[in-house]
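All chains, please: the whole structure from these sequences, using the hints.
Chains A and B are the protein sequences, given in the same order. Residue 1 is where the first sequence starts when you use my numbering, and the numbers rise one by one after that. Residue 474 is where the second sequence starts when you use my numbering, and the numbers rise one by one after that.
Hints are not guaranteed to be accurate.
Only some residues are given here: those of chain B computed to face chain A with a beta carbon under 10 Å [what the hints assert, rightly or not]:
id, residue
1, D528
2, R536
3, G581
4, A583
5, S776
6, F779
7, E782
8, T805
I should point out that these hints are in silico values taken from the structure, not numbers from a laboratory. Beta carbons are placed, not taken as given, at the ideal position from N, Cα and C, and that holds for glycine.
The lines below spell out each chain.
There are 2 protein chains.
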Amino acid sequence: DRHGAAAGLTQGWHLSHTTRQNIRNSELAPLGMRAWQIKDELRQGARKPYKELIDVSSADPHRAGVKPLSFVRQVLAVCYYPQLAKSDKLPADVRQRAQRLLGTCAGGSAGSYCPAGGIPEIIDIVCEFISRRDDGVPSYPENIFITSGAQRAFVEILNILVNTLRSPITGVLTPCPSYPPGNMAVVMLGGAVVPYYLDEEQGWELKIDELHRALESAKGVCDPTVLYVINPGNPTGHVQSRKSIEEVIRFASEKRLFLMVDEVYQDSVFEQESRFVSYKKVLAEMGPPLSHTVEMASFHSVSKGFIGECGLRGGYVELVNVDPSVMRNLYTLMSRDASTTTGQLALDLMINPPQPGDPSYPLTAITLHISDLRVLEVLNSLPGISCQPVKGGGYALPRLHLPPGAIQKAKEVGMLPDYFYCSRLLEETELCVGAGSENGQRESTYHIRYRQSSDEVLRRLTSFHIQFMKDFS
Amino acid sequence: DRHGAAAGLTQGWHLSHTTRQNIRNSELAPLGMRAWQIKDELRQGARKPYKELIDVSSADPHRAGVKPLSFVRQVLAVCYYPQLAKSDKLPADVRQRAQRLLGTCAGGSAGSYCPAGGIPEIIDIVCEFISRRDDGVPSYPENIFITSGAQRAFVEILNILVNTLRSPITGVLTPCPSYPPGNMAVVMLGGAVVPYYLDEEQGWELKIDELHRALESAKGVCDPTVLYVINPGNPTGHVQSRKSIEEVIRFASEKRLFLMVDEVYQDSVFEQESRFVSYKKVLAEMGPPLSHTVEMASFHSVSKGFIGECGLRGGYVELVNVDPSVMRNLYTLMSRDASTTTGQLALDLMINPPQPGDPSYPLTAITLHISDLRVLEVLNSLPGISCQPVKGGGYALPRLHLPPGAIQKAKEVGMLPDYFYCSRLLEETELCVGAGSENGQRESTYHIRYRQSSDEVLRRLTSFHIQFMKDFS
Ligand SMILES: Cc1ncc(COP(=O)(O)O)c(C=O)c1O
Ligand SMILES: Cc1ncc(COP(=O)(O)O)c(C=O)c1O
Numbered sequence: 001d002r003h004g005a006a007a008g009l010t011q012g013w014h015l016s017h018t019t020r021q022n023i024r025n026s027e028l029a030p031l032g033m034r035a036w037q038i039k040d041e042l043r044q045g046a047r048k049p050y051k052e053l054i055d056v057s058s059a060d061p062h063r064a065g066v067k068p069l070s071f072v073r074q075v076l077a078v079c080y081y082p083q084l085a086k087s088d089k090l091p092a093d094v095r096q097r098a099q100r101l102l103g104t105c106a107g108g109s110a111g112s113y114c115p116a117g118g119i120p121e122i123i124d125i126v127c128e129f130i131s132r133r134d135d136g137v138p139s140y141p142e143n144i145f146i147t148s149g150a151q152r153a154f155v156e157i158l159n160i161l162v163n164t165l166r167s168p169i170t171g172v173l174t175p176c177p178s179y180p181p182g183n184m185a186v187v188m189l190g191g192a193v194v195p196y197y198l199d200e201e202q203g204w205e206l207k208i209d210e211l212h213r214a215l216e217s218a219k220g221v222c223d224p225t226v227l228y229v230i231n232p233g234n235p236t237g238h239v240q241s242r243k244s245i246e247e248v249i250r251f252a253s254e255k256r257l258f259l260m261v262d263e264v265y266q267d268s269v270f271e272q273e274s275r276f277v278s279y280k281k282v283l284a285e286m287g288p289p290l291s292h293t294v295e296m297a298s299f300h301s302v303s304k305g306f307i308g309e310c311g312l313r314g315g316y317v318e319l320v321n322v323d324p325s326v327m328r329n330l331y332t333l334m335s336r337d338a339s340t341t342t343g344q345l346a347l348d349l350m351i352n353p354p355q356p357g358d359p360s361y362p363l364t365a366i367t368l369h370i371s372d373l374r375v376l377e378v379l380n381s382l383p384g385i386s387c388q389p390v391k392g393g394g395y396a397l398p399r400l401h402l403p404p405g406a407i408q409k410a411k412e413v414g415m416l417p418d419y420f421y422c423s424r425l426l427e428e429t430e431l432c433v434g435a436g437s438e439n440g441q442r443e444s445t446y447h448i449r450y451r452q453s454s455d456e457v458l459r460r461l462t463s464f465h466i467q468f469m470k471d472f473s
Numbered sequence: 474d475r476h477g478a479a480a481g482l483t484q485g486w487h488l489s490h491t492t493r494q495n496i497r498n499s500e501l502a503p504l505g506m507r508a509w510q511i512k513d514e515l516r517q518g519a520r521k522p523y524k525e526l527i528d529v530s531s532a533d534p535h536r537a538g539v540k541p542l543s544f545v546r547q548v549l550a551v552c553y554y555p556q557l558a559k560s561d562k563l564p565a566d567v568r569q570r571a572q573r574l575l576g577t578c579a580g581g582s583a584g585s586y587c588p589a590g591g592i593p594e595i596i597d598i599v600c601e602f603i604s605r606r607d608d609g610v611p612s613y614p615e616n617i618f619i620t621s622g623a624q625r626a627f628v629e630i631l632n633i634l635v636n637t638l639r640s641p642i643t644g645v646l647t648p649c650p651s652y653p654p655g656n657m658a659v660v661m662l663g664g665a666v667v668p669y670y671l672d673e674e675q676g677w678e679l680k681i682d683e684l685h686r687a688l689e690s691a692k693g694v695c696d697p698t699v700l701y702v703i704n705p706g707n708p709t710g711h712v713q714s715r716k717s718i719e720e721v722i723r724f725a726s727e728k729r730l731f732l733m734v735d736e737v738y739q740d741s742v743f744e745q746e747s748r749f750v751s752y753k754k755v756l757a758e759m760g761p762p763l764s765h766t767v768e769m770a771s772f773h774s775v776s777k778g779f780i781g782e783c784g785l786r787g788g789y790v791e792l793v794n795v796d797p798s799v800m801r802n803l804y805t806l807m808s809r810d811a812s813t814t815t816g817q818l819a820l821d822l823m824i825n826p827p828q829p830g831d832p833s834y835p836l837t838a839i840t841l842h843i844s845d846l847r848v849l850e851v852l853n854s855l856p857g858i859s860c861q862p863v864k865g866g867g868y869a870l871p872r873l874h875l876p877p878g879a880i881q882k883a884k885e886v887g888m889l890p891d892y893f894y895c896s897r898l899l900e901e902t903e904l905c906v907g908a909g910s911e912n913g914q915r916e917s918t919y920h921i922r923y924r925q926s927s928d929e930v931l932r933r934l935t936s937f938h939i940q941f942m943k944d945f946s
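Written out as structure tokens, the structure reads:
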């Protein structure tokens, strides 16, 4: 059943929300909850093979133990406690930046309310960033909303696109594997998820034929009016080429689909050959009539990129070619968003990192290269595991070729095979990775999802995996 | 027309959202927008009677120029930049507090995602606070949601109470004068505002007879199922007695109304004779059957109280006697809320201020007493102005007895009379106060709303007012 993924999610949603404990942890996968417990057990002195739990199942770098950037934290600290700027212990660029940012706040304080929709100066800064990024394609303040994170913006935009009063209900073409809260939002708002499968063998490429197939399959079930794309891919790590983006835009235009483009990983492209190109730039360069007609929303977030501050809740959405009447509804919806002052200020920090010559520049160099080629080599050399190149994004998504014995055993204990693997890995090595079934995957394929953060991850994974394969073959 | 207030709000809502500039400033009243401009004009060297604009129209203390508390800001600064704790320049209690709070965050970082619904430790801290406040009446973690501010929580709760599919639509009994975003939320969600008038002559007391009248007046128009109460009052500054609260609870029970109790000003009671008593405590002490049946939601926020941090977006809602099926819906809705980590940590700071003996205690003493008796004396000694005692809350709401000439002039220039007064005040003295018409007021009565913050406010107001009364009589 094509709508299995959506149905599964709906069910999962209700099930996992019947108890309070689950709710509290609803942003964690079930494995994440167990990881949380193990951490407690370790703290209380339980004896386990490893002394420290490593949780790389989520895209949250700080949860995984990555240290935040001092530049970012220093500026935020001064914004909260401006007296710190008096000491010359903090770099000059930190103090100047904080002063400039405080100037955008009402009463010069990070503790005052922000105008709904965003601080005007920050909106202007976002526009400058976008047109710089897109080699001059203009960006207009009236098309930008600053929000408390990309996820929130996504929900508000979907809110006006999903029509539950009409029959059949609105369908949203959604990648598989996907970012689960995206699917969740569609289902919660009363829409239907129509999965299109990314082509794993081709490095998780998005194929237009598959979009056609997915659209066709929705006939009689729902009315697809939205196409959700994640580029760079999460959790798949692919990066779309300009040509691929052009194809998607043409498809959206032909089928009159609203493009929801999740570009939160735009600053996270690691592979030498790949480059992030925005949908907006490609659309603009395709010229009329497409450049004036294809409706689009693009998302970005301070949870990602070199800053990785998930707890601040800051992001923006830019809208392109959206009908003025729809924009008016959006204004109303967006003004309900309670965006924090520091979340907004952090957008400036993400967009304008220290430059060469600035005192804070040397410390701001990006330290994390998930696509470390050596990692791929190690993974691909193991029996029963294969991994596509990770060109960008936050994760690696290796495929597990599980022996029939392991699949049988999983059935017996009532778990999905990949979840069974992850659960054993967690119990035996205190390493928490995510199960591919949470993101969706082609039937009878199994994956694990993890955020590469240290060699130790690879060591634990390797030793567990070899033993696991032995046990079940 | 009884529903004039709601209709007016709806209209105002759409009007003020047709242009982008208005949206951006939608949390500001129109006067607030003009104040923003004047500030700019002053910065660019415009010659005006006073060199500095004072904006006391909003409840945002930092916008009005109040300095934030160092204790709060120091702890937040350390949370963002833990290295600061190494210096012994910061007080020991600041460093200890920050360390404890960081211990509640995933990965020990304020930059990691929070569990939806709230950080469990912070929820427990909120429960302890509530039962301490209520002399031992218990509070349960499963009834608390941490949210990105009280306003957000209010919208989410209303979301499940307002039924737009049924006819007649849901009515919400709402105080008049009121907190405008509350009314806005009702209208936006498709409900109807049913105003009940507070009794100005009796110090803005809530009278049960008036609740009966309002309920009666809704017949045939809407189906009132919710009663919204603000105690301590905003912008009215009244504080309900235990007896008054008991009456309201009995009324709610009799009429089967869900009680939305906005208690964000619970720490802001200034008058010697008055004391804040929570609805939850009174309900518990009334005993069964009421204590087990009356459904209630109570709100609190870090935007208020001694902390006054509006930009952090932190608050909580506690639910009482809510049906498990409704709670399940709420879990789902609340998990959409994107609450920031620091907003949650700030709740602890609000709830557990430094105690006598702590290094930060002396600086944390409350400096702001809006109900300064001298202020009332001055106001009440002026011709054409009268002000009820301000017992708590964030505002004073003096009544203007405008001469017919002023009302006539306002009509000519197409302004509401109180708005006309405020607009002249702003242009002539760079003092921005709010117009009572924004909060709602009985027909043919006029008020101004302002947050007392300095003697300078009173000086500008006095000199303007005397001249204004002369000009129009
Ligand atoms: C693809 C994708 N979109 C959106 C988000 C959410 O971003 P935010 O934290 O700004 O809500 C994430 C976070 O993991 C993500 O991976
Ligand atoms: C009565 C009342 N309720 C709620 C709020 C909103 O609080 P928050 O900033 O937490 O959304 C305010 C703010 O002014 C208020 O006065």
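Tested hints:
no.	hint	in the structure
1	D528	holds, 8 Å
2	R536	holds, 4 Å
3	G581	holds, 8 Å
4	A583	holds, 5 Å
5	S776	holds, 8 Å
6	F779	violated, 13 Å
7	E782	holds, 4 Å
8	T805	holds, 6 Å
In summary, the structure is inconsistent with hint 6 from the numbered list given earlier, while agreeing with all the others.
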